[in-house]
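The whole structure should be built from the sequences, with the hints applied where relevant.
Heads up: the sequence lines are chains A and B, in that order.
In terms of this note's numbering, the first sequence is numbered consecutively and its last residue is 308.
In terms of this note's numbering, the second sequence is numbered consecutively and its last residue is 1565.
Rather than coming from a laboratory, the hints here were simulated on the basis of the structure.
Keep in mind that the hints are not guaranteed to be accurate.
What the hints assert, rightly or not - Mimicking DSS-like on lysine-lysine, the simulated pairs with C-alpha atoms at most 30 Å apart in a straight line are:
(1) B:Lys1482 with A:Lys75
(2) B:Lys1213 with B:Lys1190
(3) B:Lys1426 with A:Lys75
(4) A:Lys75 with B:Lys1386
(5) B:Lys1386 with B:Lys1322
(6) B:Lys1032 with B:Lys1506
(7) B:Lys1190 with B:Lys1150
(8) B:Lys1311 with B:Lys1394
(9) B:Lys1322 with B:Lys1482
What the hints assert, rightly or not - Just so you have them, the derived chain B footprint on chain A, three or more residues with Cβ under 8 Å:
(10) 24 to 34
(11) 257 to 267
Said to hold, decoys possible - Quick partial rundown of chain B residues pointing at chain A, CB under 8 Å, derived from the structure:
(12) Asp1254
(13) Thr1258
(14) Pro1277
(15) Ser1404
(16) Thr1414
(17) Tyr1418
(18) Gln1428
All residues carry an ideal CB built from backbone N, CA and C; glycine is no exception.
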Amino acid sequence: MTRLWLVALTLAAIHLAVALAGFISPYDPAEQHRDYPFEPPMAVHFFDSGGNFHLRPFVFSAGRMYPLQVLVNGKLFQVEEPGHVFLLGTDAFGRDQFSRILHGGRVSLGAGLLATLLTLLAGLILGSVAGFYGGWRDTVLMRLAEVFLALPWLYLLLGVRAFLPLSLDPVRTFLLTIAVIGVVGWARPARLFRGIVLSAKEREYVYAARGFGASSLHIFSWHILPDLRSAALTQATLLIPQYILAEVTLSFLGLGVGEPAPSWGGMLAPLREAGMLTSHWWLAMPAFALLPVVMCYYAAISTSPSDR
Amino acid sequence: MRVKSGVLCALSGALFVALCPGEELLVSHSAKGRRDGRLTVALRAEPKTLNPLIAMDLPSRDVIGRMHADLISIHRQTQLTQPALAKSWTVSPDGRRYTLHLRRGLRFSDGHAFDADDVVFTLEAFLDEKTHSPQRDLLIVDGHPLTARKLDAYTVLIELPAPYAAAERIFDGLPMLPRHILEKPFREGKLAEVWRLNTPADGIAGLGPFRLKQYQPGERLVLERNPYYWQEDGSRQRLPYFDELTFLFVGSEDAQVTRFAAGETDILNRVSPRMFPQLAAGQASRGDIVSDAGPSLEYNFLVFNLSPAVKPTWFQQTAFRKAVSMAVDRDSIVRLVYGGRGAPMWGNVSAGNRQWSNSNIPIPVRSLSQARDLLASAGFTWDSGKTLRDRTGKPVEFSIIVASSNTERVQMATIVQYDLKQLGMKVQVASLEFRSLVDRVLNTRQFDAAIMGLGGGDADPNSEMNVWLSSGGMHVWNPGQKQPSTPWEGEIDRLMRAQMSAIRIKERKQQWDRVQQLIAENVPMVFLASPHVVVAARKWVGGFAPAAMADYTLWNVEELFHRDN
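So this is what it looks like as structure tokens:
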């Protein structure tokens, strides 16, 4: 198996788990188990205290043994009430970290993917127009790109948030985050695409097609766009982890989706408190979820062309 | 040179003490230490000024409080007034004239004598309109300023335009200023410009236990012992015990705890109760003194915007507000937010305010079913998705704003949001920068509900006149009303004014109890919890007596000493 396949499979597994968060996670991510704040992660056991093996794994909750029930109530696993299963522990409100990491992944990974799509689309359209038509369009668009490159995006986001109504639900905040991250980032890929289009439109086969009376749209879609495909793919693998980290940073600073919706950055925010990392180390779990995702995307870029 | 000048100072101080048999010092019987050593305390930010007339920020007041003294002070533990620079006072039967008898032979930290002229000058300075002192409002009673008249060098007559209950409490936090230094800038209208951070140490004088020694911008401010301080201990040893008091500028509470654990500071002057486990670890390993001084005077609450212009009008309905109050799980707030080191609240006066809290206010039991019944009786219904809807079918959806810098209040908002979800309300929590939040609540009124905190100051009800009077600027649910918009607000106005001019404490207590009852019945604010005062000190700090009122650990700084010395 090539390295690229390994990377792709890991990424697919993580994204699938996040997509199926509702099924895999045992609890609603906002559900507060107020009698269990800061519960450490629970171990899944096969052997009881007497050393007897149990085919059905179990957890200890409040000193009692609770076997895991698989595929009940539309959930992958659960334990019977009044027991609880907190595989990755709980936060300050007794919310299950495992469920929150899976649901939070939807926000963080989703924002990365959708914002990248938005950036590439905007970059592709504006870069291509600038490169293909040239002239005043090129000048205006490229100067605009320079303005966007110079924008301090964090302050821009702070400014945008201040103008919006206070009562923004998590979905709208999520879309806003995507829009801001995606729109602000269009300039860099647009400049790249413009360069490729500039060089491609001077090729002889493009002149030939033009000579045969092909329309601009036809020339662009059939003779220039294919040249942009690999550049777009490389850009995507670069931008996705970057944007995931951007969302995590925004949520960490309290500018992402609000409570009670989870996001990896928001979940990491309590670690800013002194001593929290040493006393409640399991709150850092979202960082361990983030690590393989970002590493896999960067590994995909560094994979040699022959591997692809 | 500095050492030499220090020795000279000490010698001249000793000489002065020897030559001034008429000096009427206050004898502190609680202190039994030795004069030596340094004490280091962290400040959350750099002070903005050393001018007591214009200081508004907490760090400035923390420093200024150690450099100056008041005529009458409030004992932070008993919360009662006690003599300070004034050794005694009498009140006329109509409660309008206070005759203050000053201690004789006292001197400012620069050696200049203190007398009645300084008192009269100080009051003039605080009342000066050009200076815009934040304390000026306290000296205005019934629209008119109080007046001060010198009867002799050590007697001052203070006349109030109208009877004002507990007027002697005004003098706490009103530091006596040196006329010989500040009269010139006062006459020139430049009082607000004096005593900046870069003012040379010998240009500032006060009557507090310490005086300015050195200021290093961005790093520290060092105070040294005031050799003329007017208190001594039982063995005729002049206070304070410490040679120096250093304030380090440490940006956040987390950093303060870390630096205390690292041994860089000696006292933690109140931190969040959630820091207690960490401090307790230091207590076990290093023997630190960690103290939970009980509920503070601070009260945290959820307030709805009751401005008449706000639509929809759910918030205006008492039943709606009561249902919200009934649904909030205060015990969980205390447990999850304060780690159990807090007190749930149902009224507007914290249990930490022992003298004024109304213990007869019934403790409501949290009941979601009763809350639902209340909402149903007020015409609210639930759809199949369990969303609460008003009479017109509009879903009940609103936002709660909270200061992002206050972790505890953000956590309270998350708990309240979850509790109200159980009633079918859709609540969004918006964390805002503190100044932006205050601006929305007090000025622009662009908010639905907010979680805030008040009550860090004095225990006396007069200190919160601007909160409870309907015309008050801090009347957070509907500030600055020309006429009280509800009958119960009208009654609160009447009671607050009556208690302000009542002379008998029993009468005042009855009136203030009724105000608390009206507030509990009409729920303009949903009171949540009051945090305990959690403080810590190194094990060698002697005389440590933390209190529930500000300045928590530093109120008796002159009595603190190094136990090992």
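Each hint, compared with the structure:
no.: 1; hint: B:Lys1482 with A:Lys75; in the structure: 59 Å, violated
no.: 2; hint: B:Lys1213 with B:Lys1190; in the structure: 24 Å, holds
no.: 3; hint: B:Lys1426 with A:Lys75; in the structure: 26 Å, holds
no.: 4; hint: A:Lys75 with B:Lys1386; in the structure: 23 Å, holds
no.: 5; hint: B:Lys1386 with B:Lys1322; in the structure: 20 Å, holds
no.: 6; hint: B:Lys1032 with B:Lys1506; in the structure: 37 Å, violated
no.: 7; hint: B:Lys1190 with B:Lys1150; in the structure: 25 Å, holds
no.: 8; hint: B:Lys1311 with B:Lys1394; in the structure: 12 Å, holds
no.: 9; hint: B:Lys1322 with B:Lys1482; in the structure: 26 Å, holds
no.: 10; hint: 24 to 34; in the structure: holds (count 3)
no.: 11; hint: 257 to 267; in the structure: holds (count 3)
no.: 12; hint: Asp1254; in the structure: 3 Å, holds
no.: 13; hint: Thr1258; in the structure: 5 Å, holds
no.: 14; hint: Pro1277; in the structure: 7 Å, holds
no.: 15; hint: Ser1404; in the structure: 5 Å, holds
no.: 16; hint: Thr1414; in the structure: 5 Å, holds
no.: 17; hint: Tyr1418; in the structure: 5 Å, holds
no.: 18; hint: Gln1428; in the structure: 5 Å, holds
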